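Student: If you're matching them up, the sequences are chains A and B in order.
When we follow numbering that gives the first Met the number 0, the leftmost residue of the first sequence carries the number 0, and every step to the right adds one.
When we follow numbering that gives the first Met the number 0, the leftmost residue of the second sequence carries the number 0, and every step to the right adds one.
Keep in mind that the hints were calculated from the coordinates and are not lab data.
There could be a bad hint or two in this list.
[To be verified] Taking lysine to any residue pairs in the SDA-like style, the calculated list, with each CA pair at most 20 Å apart, reads:
#, chain 1, residue 1, chain 2, residue 2
1, A, 113, A, 217
2, B, 56, A, 98
3, B, 65, A, 102
4, A, 101, B, 103
[Said to hold, decoys possible] Over 10 Å on every C-beta distance to chain A, these chain B residues come out as not near it, computed from the model:
#, residue
5, 14
6, 37
7, 62
8, 68
9, 80
10, 95
11, 98
12, 114
13, 124
14, 191
15, 206
16, 214
For clarity, every value in this text was computed on a predicted model and none was experimentally measured.
All C-beta atoms, glycine included, are put in the ideal place defined by N, C-alpha and C.
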Amino acid sequence: MAASQEEVTLLGVTGSAFVCRVQIALKLKGVEYKYVEENLGNKSDLLLKYNPVYKKVPVFVHNEKPIPESLVIVEYIDETWKHNPILPSDPYQRALARFWSKFIDDRVVGAAWKAVYTVDEEEREKNVEESFEALQFLENELKDKKFFGGEEFGLVDIAAVYIAFWIPIFQEIGGLELFTSENFPKLYKWSQEFVNHPVVKESLPPRDPVFAFLKRRYESLSASK
Amino acid sequence: MAENHEGEVKLLGFVGSPFTYRVQLALKLKGAQYEFLEDNLEHQSQLLLKYNPIHKKVPVLVHNEKPIIESLVILEYVDETWNGNPILPEEPYPRALARFWAKFIDEKCLSAVWKAASTFDEKEREKAVEESQEVLQILENELKDKFFGGEALGLVDIVGTFVAFWLPAIEQLVGLELLTSEKFPKLYNWSHEVLNLPVVKETLPPREPFFAAFKARLESLTPSK
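Using the sequences and the hints given, assemble the complete structure.
Tutor: As structure tokens, this is what we get:
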């Protein structure tokens, strides 16, 4: 199929780690796409049509066929554009990649957010502990690899962009010392490699507006105390 | 591929658990021989500590001594490792949809039903029942063929055995009425189609262990994860 006949659209919001995952995948594959910035406070008809179940971004639309859920989208991209593979070819390695990506979603994403954005101190502490524990698993899993995917980054690295770019922002805002090179030397080193990788660098949102937005949210949270 | 390429397959799980069951059903569909190792919640078994020391969860599929955890990850692994009776569709878009709906059932359905069954506060319970019905309605709307997988059982149907078998069991236990033929005719019919399939009939667990475990959980009312 000629490139010009492919219709690829991504509905997202700037500053979303989940949207970013998809952008990294598309960049890696060199896929041209149309980006539609959504306003989550005033969701477009398009978003509601393409993701009626969750009404969330990212939503990936390929030739009028919508797919929501960032990791589902990334696997779809990998299966549709086969060069620069994101998942390994061996079934066991694929299973491990899927496991650790899910682990990040289940055990890191929520806890890390709540480690900062929770008013109740006890609740917040609990989430700090949970985040720490989860990051420790990942530290151990990384071992001496350059990326979770080996010499090149893969599914788990893409899923972990949340850790590499967003967690440092949260913790700066919240004055939290969680993800540091002292606590997680390997993971920290990985995060530097990853955010500086040309494909990733070009896909990340600009830090300042994201920081400002998240800081405002933090302040309004404390104000509501 | 050599006749005995399968190697050694073990499944560590709980009898009566919907997560363990999905893997059993998948292995049966593929005609894969395996050894079932029953784990017991009360006593953290030696087997679990051996095969899943970090996360301590079942089911665990062990193939040639390599452990794989997380039921959805295991299902994809089984599909990729054993040929015949495909669990996921071949084309990337239907595959993405199958993954999306399987995740939906796991993330929305199970927790909604658990909440509806375990909440004692009447108002909260009513809310949870409403939520469960919303979820079931979404599935009702999504079902277009005989099975979610089309003419034959697929990933979503396998994961959906929770709705076909466990949901009615829970309803009976706590006196709830959720999946009725009046409210959800297609889903209701589908559940009967699924339960009547020989491959399902032959593999469904007895209800008692599940009832016992569920009752115990209700009584302790520990928050589920």
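Student: With reference to the structure, classify each hint as holding or not holding.
Tutor: Status of each hint after checking the structure:
1. Of the pairs offered as hints, the one joining residue 113 of chain A and residue 217 of chain A holds, with about 11 Å between alpha carbons and a cut-off of 20 Å not exceeded.
2. In summary, the hint linking residue 56 of chain B to residue 98 of chain A is supported, as the alpha carbons are separated by about 13 Å, within the 20 Å threshold.
3. A distance of roughly 18 Å separates the Cα atoms of residue 65 of chain B and residue 102 of chain A; the hinted pair therefore holds under the 20 Å criterion.
4. Annotation: proposed proximity of residue 101 of chain A to residue 103 of chain B holds, straight-line Cα distance about 14 Å (limit 20 Å).
5. No beta-carbon of chain A comes within 10 Å of the beta-carbon of residue 14 of chain B; the shortest separation is about 24 Å.
6. Residue placement check: residue 37 of chain B keeps its beta carbon more than 10 Å from all beta carbons of chain A (closest about 23 Å).
7. The non-interface label for residue 62 of chain B is inconsistent with chain A: the shortest C-beta to C-beta separation is roughly 7 Å, within 10 Å.
8. Annotated as non-interface, residue 68 of chain B brings its C-beta within 10 Å of a C-beta of chain A; the closest such distance is 6 Å.
9. With a least beta-carbon separation of about 5 Å from chain A, residue 80 of chain B fails to lie farther than 10 Å from that chain, contradicting its non-interface assignment.
10. A Cβ of chain A approaches the Cβ of residue 95 of chain B within 10 Å, the least distance being about 4 Å, so the stated non-interface status is violated.
11. Listed as a non-interface residue, residue 98 of chain B fails to keep its Cβ farther than 10 Å from every Cβ of chain A; the least gap is roughly 5 Å.
12. No beta-carbon of chain A comes within 10 Å of the beta-carbon of residue 114 of chain B; the shortest separation is about 18 Å.
13. Distance check for residue 124 of chain B against chain A: the nearest CB is about 24 Å away, which clears 10 Å, and the non-interface claim stands.
14. Under the 10 Å C-beta cut-off, the non-interface status given to residue 191 of chain B relative to chain A holds; the minimum distance is some 25 Å.
15. With a minimum CB-CB distance of about 29 Å to chain A, residue 206 of chain B clears the 10 Å threshold, and the non-interface call stands.
16. Listed as outside the interface, residue 214 of chain B is consistent with that label: its C-beta sits roughly 27 Å from the nearest C-beta of chain A, beyond the 10 Å cut-off.
The structure fails to meet hints 7, 8, 9, 10 and 11 from the earlier list, while all remaining hints are met.
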